[in-house]
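A.B. asks: Take a look at the letters that make up each chain.
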Amino acid sequence: MAKTQKIMGFLALLLFIIGSVVGLFVVRADAAMGDVQRLMYVHVPAAWLAMLAFFVVFIMSVLYLVQRNPRWDLIAASSAEVGVLFTALTLALGSLWGKPTWGVWWTWEPRLTTTAVMLMIYIGYLAMRSFADDPDKRARWSAIVGVVGFIDVPIVYLSVYWWRTLHQPPSSPRSIAPEILFALLLNLLAFTVVYLYLLVRRYRLAVNEQELERIVAHQTRQISHD
Amino acid sequence: MTSGYMIAGYLLTWGAMAAYLWRLSVRSQHTQRALDAERATLD
Chain A
1 MAKTQKIMGF LALLLFIIGS VVGLFVVRAD AAMGDVQRLM YVHVPAAWLA
51 MLAFFVVFIM SVLYLVQRNP RWDLIAASSA EVGVLFTALT LALGSLWGKP
101 TWGVWWTWEP RLTTTAVMLM IYIGYLAMRS FADDPDKRAR WSAIVGVVGF
151 IDVPIVYLSV YWWRTLHQPP SSPRSIAPEI LFALLLNLLA FTVVYLYLLV
201 RRYRLAVNEQ ELERIVAHQT RQISHD
Chain B
1001 MTSGYMIAGY LLTWGAMAAY LWRLSVRSQH TQRALDAERA TLD
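Protein chains in written order, with this note's numbering: chain A, 1 to 226; chain B, 1001 to 1043.
It is possible that part of the hints are untrue.
[To be verified] Partial chain A-side listing against chain B, Cβ under 10 Å, derived:
#  : residue
1  : Phe-10
2  : Leu-11
3  : Ala-31
4  : Asp-35
5  : Gln-37
6  : Val-82
7  : Leu-93
8  : Thr-101
9  : Ser-130
10 : Arg-202
[As the list claims (entries may be wrong)] Just so you have them, the derived chain B footprint on chain A, three or more residues with Cβ under 8 Å:
#  : stretch
11 : 59-73
12 : 105-112
13 : 115-124
14 : 141-152
15 : 170-181
These are calculated hints, taken from the structure and not from any lab test.
Beta carbons: idealized from backbone N, C-alpha and C, even for Gly.
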């Protein structure tokens, strides 16, 4: 397990370096936008991985509610934390792209607003977990939030089609230059491996945290019996 | 002109990943130490 994790970590780092080098130095700058377009090679994969992370939270939450296996709860919580990281990164990178392109750091347009709401939902999910003392209640409440909160994720995706305002819809592979598509897909692969690596590490930590919580609760019960 | 935003974005991406990994490592070590101590108490 530790060896697999090390290999994953090495692969994630390698792909992340290659992806950044290709995005920064190999692919030509966009004719209209210039160098700032290179931010798309990290902004777009971060956004996709955030959505994937929350989809995993949704699936694991459903599984938990059906089977009541704590493992599903821990995977959901781990994926939510990594998803929050990717969502915050998506918003920050979008802001850095928006300033020179749109002229503003932030605007309350539908894609940005629904993404900010998504971030708040999953920060709330993590905050709620830290408040709940009872592991069963925590897992049950989290699973419900993990299912209900996911409603916002397809809204984020569809917002650019429903309300055609400032944020452009996703580009089609046929409408962008092959080298840009290559850099985008390479970085998507790199971000996916990074996500999997972070998920595995966070899950292992969650397992240890739960074990520690179980032992401490057991000892507290024994002390109160004595 | 726009390359400053690009550099800031990539630095932010790398920095965020590194910071999260560092935080995970610190928490993992802390939890492992606490777990070992509690297990030793049980023994």
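A.B. asks: Which of the listed hints are broken here?
C.D. replies: 1, 2, 3, 9, 11, 12, 13, 14, 15
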